[in-house]
Amino acid sequence: MVDYRRLGLKAGLEVHQQLDTANKLFCGCPTKLRDNNESIYEIRRHLHMTESELGEIDRAVMEAVQVQRRFVYKGYDTTCLVENDEEPPQVLNQEALDIALEVALLLNMRVVDETHTMRKIVIDGSNTSGFQRTALIASNGNIVVDGSAVRIDILCLEEEAAQRIPDDGRTYSLDRLGIPLVEIGTAPDITTPEQARSVAEHIGIILRSTGKVKRGIGTIRQDVNISIAEGARVEIKGVQTLNLIKSIVENEVTRQVGLLRIREELKKRGAMRIKADVIGVSDIFANTRCTVIETALKSGIVMAVNLPNFGGLVGREIQSNRTLGAEFSDHAKRFGVGRIFHTDELPKYGITKTEVNTVRKKVRAGPDDCVVIAAGDEGQVRSALNAVVKRANEALDGVPEETRRALPDGNSAYMRPLPGAARMYPETDVLPVRISKKRLKRIKRSLPELFQERKERYMKDYGLNEELAELITRSANAPLFEQIMRLNISPTLVVMTLEATTSELKRRGVPVQNLEAMHFIELFELICANKIAKEGIPRVLEGLANNPDKTAEEIASEAGLQTLDRVAIESVIERIVQSKRAFIKEKGYGVIGPLMGVVMLELRGKVDGKLVSTILKEKVSDIIKERG
Amino acid sequence: MKVGDRVRIKKGDVTYTGLVMPSTGEYIVLKLDNGYNVGIKKDASTKITVLKKGAKIARRKKTPAPLGNRALPKVSILSTGGTIASKVDYRTGAVSSQFSVGDILSAIPELAEIANFNGRVIYGILSENMRAEYWQELARAVADDIKKGADGVIITHGTDTMTYTAAALSFMLKTPVPIVLVGSQRSADRPSSDNVVNAVCAARVATSDIAEVTVVMHATSSDDQCLIHRGTRVRKMHTSKRDAFQSINDKPVGLVDYKDKTIYPFGEYRKRNVQELVLKEGLETKCALVKFFPGASPMIIDHYADAGYKGLVIEGTGLGHVSTEWIPSIKRAVDNGMHVIMTSQCLSGRVCDRVYDTGRDLLKAGVIEGEDMLPEVALVKLMWVLDRTDGQEEVRQLMQTSLAGEISERSTYG
Numbered sequence: 001m002v003d004y005r006r007l008g009l010k011a012g013l014e015v016h017q018q019l020d021t022a023n024k025l026f027c028g029c030p031t032k033l034r035d036n037n038e039s040i041y042e043i044r045r046h047l048h049m050t051e052s053e054l055g056e057i058d059r060a061v062m063e064a065v066q067v068q069r070r071f072v073y074k075g076y077d078t079t080c081l082v083e084n085d086e087e088p089p090q091v092l093n094q095e096a097l098d099i100a101l102e103v104a105l106l107l108n109m110r111v112v113d114e115t116h117t118m119r120k121i122v123i124d125g126s127n128t129s130g131f132q133r134t135a136l137i138a139s140n141g142n143i144v145v146d147g148s149a150v151r152i153d154i155l156c157l158e159e160e161a162a163q164r165i166p167d168d169g170r171t172y173s174l175d176r177l178g179i180p181l182v183e184i185g186t187a188p189d190i191t192t193p194e195q196a197r198s199v200a201e202h203i204g205i206i207l208r209s210t211g212k213v214k215r216g217i218g219t220i221r222q223d224v225n226i227s228i229a230e231g232a233r234v235e236i237k238g239v240q241t242l243n244l245i246k247s248i249v250e251n252e253v254t255r256q257v258g259l260l261r262i263r264e265e266l267k268k269r270g271a272m273r274i275k276a277d278v279i280g281v282s283d284i285f286a287n288t289r290c291t292v293i294e295t296a297l298k299s300g301i302v303m304a305v306n307l308p309n310f311g312g313l314v315g316r317e318i319q320s321n322r323t324l325g326a327e328f329s330d331h332a333k334r335f336g337v338g339r340i341f342h343t344d345e346l347p348k349y350g351i352t353k354t355e356v357n358t359v360r361k362k363v364r365a366g367p368d369d370c371v372v373i374a375a376g377d378e379g380q381v382r383s384a385l386n387a388v389v390k391r392a393n394e395a396l397d398g399v400p401e402e403t404r405r406a407l408p409d410g411n412s413a414y415m416r417p418l419p420g421a422a423r424m425y426p427e428t429d430v431l432p433v434r435i436s437k438k439r440l441k442r443i444k445r446s447l448p449e450l451f452q453e454r455k456e457r458y459m460k461d462y463g464l465n466e467e468l469a470e471l472i473t474r475s476a477n478a479p480l481f482e483q484i485m486r487l488n489i490s491p492t493l494v495v496m497t498l499e500a501t502t503s504e505l506k507r508r509g510v511p512v513q514n515l516e517a518m519h520f521i522e523l524f525e526l527i528c529a530n531k532i533a534k535e536g537i538p539r540v541l542e543g544l545a546n547n548p549d550k551t552a553e554e555i556a557s558e559a560g561l562q563t564l565d566r567v568a569i570e571s572v573i574e575r576i577v578q579s580k581r582a583f584i585k586e587k588g589y590g591v592i593g594p595l596m597g598v599v600m601l602e603l604r605g606k607v608d609g610k611l612v613s614t615i616l617k618e619k620v621s622d623i624i625k626e627r628g
Numbered sequence: 001m002k003v004g005d006r007v008r009i010k011k012g013d014v015t016y017t018g019l020v021m022p023s024t025g026e027y028i029v030l031k032l033d034n035g036y037n038v039g040i041k042k043d044a045s046t047k048i049t050v051l052k053k054g055a056k057i058a059r060r061k062k063t064p065a066p067l068g069n070r071a072l073p074k075v076s077i078l079s080t081g082g083t084i085a086s087k088v089d090y091r092t093g094a095v096s097s098q099f100s101v102g103d104i105l106s107a108i109p110e111l112a113e114i115a116n117f118n119g120r121v122i123y124g125i126l127s128e129n130m131r132a133e134y135w136q137e138l139a140r141a142v143a144d145d146i147k148k149g150a151d152g153v154i155i156t157h158g159t160d161t162m163t164y165t166a167a168a169l170s171f172m173l174k175t176p177v178p179i180v181l182v183g184s185q186r187s188a189d190r191p192s193s194d195n196v197v198n199a200v201c202a203a204r205v206a207t208s209d210i211a212e213v214t215v216v217m218h219a220t221s222s223d224d225q226c227l228i229h230r231g232t233r234v235r236k237m238h239t240s241k242r243d244a245f246q247s248i249n250d251k252p253v254g255l256v257d258y259k260d261k262t263i264y265p266f267g268e269y270r271k272r273n274v275q276e277l278v279l280k281e282g283l284e285t286k287c288a289l290v291k292f293f294p295g296a297s298p299m300i301i302d303h304y305a306d307a308g309y310k311g312l313v314i315e316g317t318g319l320g321h322v323s324t325e326w327i328p329s330i331k332r333a334v335d336n337g338m339h340v341i342m343t344s345q346c347l348s349g350r351v352c353d354r355v356y357d358t359g360r361d362l363l364k365a366g367v368i369e370g371e372d373m374l375p376e377v378a379l380v381k382l383m384w385v386l387d388r389t390d391g392q393e394e395v396r397q398l399m400q401t402s403l404a405g406e407i408s409e410r411s412t413y414g
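These protein sequences, in sequence, are chains A and B.
Be aware that the first sequence starts at 1, since it is given in this note's numbering, and climbs by one per residue.
Be aware that the second sequence starts at 1, since it is given in this note's numbering, and climbs by one per residue.
There may be inaccurate statements among the hints.
[Claimed, not checked] Simulated pairs of lysine to any residue, SDA-like, Cα-Cα distance not exceeding 25 Å: (1) A:437 - B:241; (2) A:438 - B:47; (3) B:41 - A:433; (4) A:10 - B:241; (5) B:259 - A:378; (6) B:259 - A:124; (7) B:42 - A:433; (8) B:41 - A:124; (9) A:437 - B:129; (10) B:241 - A:161; (11) A:444 - B:43; (12) B:236 - A:80; (13) A:390 - A:344; (14) B:241 - B:129.
Bear in mind the hints are in silico, worked out from the structure with no lab data behind them.
Please work from the sequences and hints to get the whole structure.
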């Protein structure tokens with residue numbers, strides 16, 4: 001068991017949540033995601049480095065500029081010149097601002113008097129403009145989760161970035177660009193991985209309780225800031241699920257502990273700052289059996305650099321299945337080099353012991369040293385190995401401050417240096433917005449009920465048990481549930497239909513996304529009027545999902561699901577009972593079970609099973625009594 | 001508390017710490033340590049503590065322009081302001097023109113591979129503040145630099161009125177070297193600015209053998225290519241898109257590929273060193289441009305005539321018409337010595353006043369058909385022509401002859 005308090009774990013969260021507004025933050029386009037194949041135009045752009053208003057260039061921007069800056073953007077009939085960066089932004093979306101203010105108040109935050117939209121310079125291509133528009137709305141909030149207070153430092157209203165098209169490093173889709181989102185940043189008050197998860201969950205619940213945020217995969221993302229004593233602040237971006245947060249924190253702590261141990265070991269060995277001395281070693285690999293190097297040599301070069309005193313440390317695991325060498329490789333890959341090799345892992349991959357020894361000799365590596373080898377275009381290889389040396393030197397200091405990308409297994413990979421304040425620049429095309437006391441009062445009056453309050457109300461008002469109350473409270477169907485409950489109907493049946501029946505239908509491949517509020521209301525009206533039995537619900541919903549333009553009543557009648565009246569039911573049962581007279585006389589009341597099956601075969605979905613059972617019992621009893 | 005001070009502001013139960021920024025109104029604007037600016041309204045409860053005085057908002061020292069390669073052609077950059085060289089203005093909170101030539105060169109290092117630059121600031125104004133006198137000053141500066149041996153001249157210019165300046169220079173200068181106007185539609189302070197591609201392509205044209213006054217701007221919304229437009233044929237046709245500039249009634253001179261820096265000409269152009277440098281910058285500035293609209297009052301013509309205007313360009317409807325009501329006013333103006341040129345608000349196509357009665361009446365009243373000239377180009381040309389001569393026939397003849405590629409003899413299909 002790791003003692004996180006002793007390690008001095010400090011973690012903070014940044015939660016990004018897309019808002020469910022009609023329009024984007026700075027233009028009138030719908031906030032609708034599209035299929036990439038629906039794109040109707042493409043534009044190609046370059047991004048360039050610019051200064052902040054203080055005349056500084058941000059270090060994160062500086063590094064991105066050295067890597068890659070040509071991008072392709074795909075546009076749609078739902079995007080406009082604002083996304084294309086070809087028209088000044090419109091005024092800040094007031095619907096989005098209202099939602100942001102609502103969230104700020106729910107998080108007990110202090111709202112600024114006047115909000116200034118800034119340009120956060122981001123030149124990885126995810127914004128056509130080269131910056132993300134963002135405005136600080138509130139600060140100084142706090143929430144209490146499981147008895148401990150966590151301060152909420154900052155709430156910003158920002159535009160969502162364009163989405164990178166998979167398998168292509170430089171094409172972005174413009175549909176997502178400009179969707180409003182709130183970014184909520186906590187103070188580094190979190191002290192355990194478990195708490196990180198609970199805080200994220202709590203903030204998520206508050207966001208969803210507004211009923212004005214987008215739902216589904218990718219609509220909420222968490223970044224986690226983590227440091228331990230003597231470690232450094234590391235930001236891990238893009239954690240998409242709650243369950244991953246805990247392991248992200250755990251693994252980052254492991255990583256920082258591992259890096260600190262490596263620092264101690266290097267100190268013990270008397271390691272000094274390394275001067276990059278990248279040396280050509282192509283001749284040694286002239287007849288190599290390593291396919292990576294062999295291919296690279298056809299048009300390129302093999303080079304190596306010695307890392308004194310790093311022997312055995314580069315191959316050391318600092319997260320499960322990730323070594324310090326993997327960190328080196330993250331840095332090297334940014335310069336277009338496919339992979340690097342280090343002597344801690346060699347001989348392997350077709351590289352022989354002789355080759356390794358010859359390389360070690362050529363770069364004058366001692367027994368405690370590690371040699372890193374890369375192959376490819378000379379410029380790229382040189383930059384890659386220089387980046388490795390830079391990262392190795394950082395290992396002498398312990399943990400480098402940086403931004404990392406969350407990996408699906410709970411580990412993380414290097415992304416870029418931590419950006420600083422120098423990347424903020426005022427967005428001069430958007431006027432500052434004053435937030436009046438009157439506006440805050442109006443929003444305060446209509447703050448939504450929090451989930452806990454809603455759950456308790458459902459238990460009290462509708463007599464739902466805690467489990468079902470919890471289920472419907474957190475569901476997007478909660479407002480629909482309340483609407484249906486105006487009918488005189490069993491709350492349990494409604495919750496089960498909205499939550500269980502629909503998910504069962506979905507599992508069976510029924511297009512339940514076609515079902516709208518009106519469909520459910522019609523359905524329950526039919527049930528209230530005894531026009532169909534509750535057994536018919538799945539079939540009506542299935543029919544409606546497949547034919548959303550029809551009414552519930554039409555579906556019920558086409559499927560022959562309309563409830564039979566008592567006379568009709570009696571006549572069906574009478575017919576069956578008469579045909580089985582002998583059987584009944586012989587077996588007595590024992591026949592009710594088997595006969596029920598026969599009757600229901602004919603009546604399923606059209607009648608209430610209880611009623612059938614009552615009538616059947618009467619009829620059987622009549623026949624048995626005849627005998628006596 | 002002054003701009004640049006580091007302060008702590010306590011308001012109610014909130015404390016903000018940061019740098020005081022120039023304010024645009026009565027609210028205090030503070031740049032917080034996280035980089036965000038916020039506006040704070042001062043009230044009775046607000047307590048301000050200055051933590052560190054007078055920390056100036058440090059501007060990075062200007063990097064000196066990279067030393068040119070003497071083997072490359074000599075190109076002069078004349079800066080007139082505009083978006084290709086702009087910065088945030090804290091007084092107004094908006095973008096304004098402030099860059100020097102050195103700033104342009106250090107912002108676009110690629111330029112140094114194309115030519116050996118020399119530059120100066122002629123003036124730093126937004127192009128809507130341009131005046132005819134500024135065109136003349138600019139023409140003199142261009143001529144000076146060519147005399148001093150420039151192999152090409154680049155003029156950085158705001159895009160709004162760039163085409164007026166291009167037309168003015170086209171008439172004022174006979175040039176042995178390329179004269180290129182360039183600007184940007186998205187300000188230079190943003191990473192996505194079109195200034196880099198435009199400036200690099202302009203430099204390429206300035207070192208080419210296209211010895212004409214041209215405008216070089218984006219060909220499409222993408223950062224791939226620029227079109228080279230003849231200075232008398234180009235018009236800004238969109239408020240904000242990168243490819244706002246289009247040639248009307250003529251093909252562009254050619255295209256520059258940004259990637260391989262190659263020029264692809266579309267037709268004939270005047271070659272380098274075939275004509276001697278001649279500067280004739282005189283302009284009759286008492287000229288105006290009037291747009292006709294249905295129901296427009298002819299009083300506007302009377303007004304200009306009474307104010308002593310020497311020339312008037314009318315942007316008429318269709319083939320070149322105004323309402324019958326205007327004809328007496330036009331006739332009176334012409335009879336009193338004003339020269340009236342008819343152009344079309346269609347922009348594309350040629351004026352012809354011989355088809356309909358109104359047209360024939362306009363001709364009778366003394367209106368000169370502006371052929372297929374753009375209205376703004378006709379205005380600038382009229383200013384230039386009226387400084388040469390006042391003779392009615394001579395003006396007519398000059399206005400209907402192509403002096404700088406502004407008129408085509410034939411209206412072609414494509």
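Exercise. Looking back at the numbered hints, which does the structure fail to meet, lowest number first?
Worked result: 1, 4, 8 and 9
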